[in-house]
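K.L.:
Produce the complete structure using the sequences and hints provided.
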Amino acid sequence: AQSVTQLDSQVPVFEEAPVELRCNYSSSVSVYLFWYVQYPNQGLQLLLKYLSGSTLVKGINGFEAEFNKSQTSFHLRKPSVHISDTAEYFCAVSFLYGGSQGNLIFGKGTKLSVKP
Amino acid sequence: NAGVMQNPRHLVRRRGQEARLRCSPMKGHSHVYWYRQLPEEGLKFMVYLQKENIIDESGMPKERFSAEFPKEGPSILRIQQVVRGDSAAYFCASSPPGRGGQNIQYFGAGTRLSVL
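Respectively, the protein sequence lines represent chains A and B. In terms of the numbering used here, the first sequence has 96 at position 96, counting the first letter as 1, and numbering is strictly consecutive. In terms of the numbering used here, the second sequence has 106 at position 106, counting the first letter as 1, and numbering is strictly consecutive.
Hint data in this document are derived by calculation from the structure and do not stem from the laboratory. Here the structure is a predicted model, which means the values were calculated and not measured. Each hint should be verified, as a subset may be incorrect.
[As the list claims (entries may be wrong)] A partial selection of chain A residues facing chain B, derived with a Cβ cut-off under 8 Å:
| hint | residue |
| --- | --- |
| 1 | L44 |
| 2 | L46 |
| 3 | G107 |
[Said to hold, decoys possible] Derived pair list, reagent style BS3-like, types lysine-lysine, alpha-carbon separation capped at 27 Å:
| hint | chain 1 | residue 1 | chain 2 | residue 2 |
| --- | --- | --- | --- | --- |
| 4 | A | K58 | A | K69 |
| 5 | A | K69 | B | K44 |
| 6 | B | K44 | B | K71 |
| 7 | B | K62 | A | K108 |
| 8 | B | K44 | A | K49 |
| 9 | A | K49 | B | K27 |
| 10 | B | K51 | B | K71 |
| 11 | A | K108 | A | K69 |
| 12 | A | K49 | A | K111 |
| 13 | A | K69 | A | K49 |
| 14 | B | K44 | A | K111 |
| 15 | A | K58 | A | K108 |
| 16 | A | K108 | B | K44 |
Ideal Cβ positions, reconstructed from N, Cα and C, are used throughout, including at glycine.
P.N.:
Structure below.
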């Protein structure tokens, strides 16, 4: 069965420090990968996506992620965080083939807390 | 270009009542997805619809829940005889026509259902 694991439920970090939010997935078929951000009481906003091509993808707000097929990972990084990055971050996968190709499978989320 | 519109934003129901959640997709989008987010959990897929068709309902509870996306008007998620366990945030997403897995899903702000 396909699954997404976000290893850290909470990540506290100081402003201007680098951050990495980890995501691993399990799938027997090829996947597309996404990171979404959710601010309090709001919907999800797409940060970045990997569909094909270069394994390093850049997104909005200075975030980037690297697809590592051998480690089945898609970790999200930012070299210097801001207070405004405080939010919950969700990793998600969808599938190229099969009956479930329409839906996203989400991890449980990582709450990033940026402190001054 | 308006985003995905969900209403109401907040809905309070007593046990045994019906809840109707509405979702208007982005202009030009013909695919709609419903997800449920329980506290401290990621989003769980419920159902994937195209106009007048249910494509994948593998995530829908077997009883009391139904969804539709008529030719005209918004998509509706209907929960009959609500119970306290139905309290959650329900998110709708839409995507343009094309191959399901790589379509970017755009999310609404959600409907937060509270069952008393």
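K.L.:
Please flag the earlier hints that this structure goes against, numbers listed from lowest up.
P.N.:
Result: no hint breaks.
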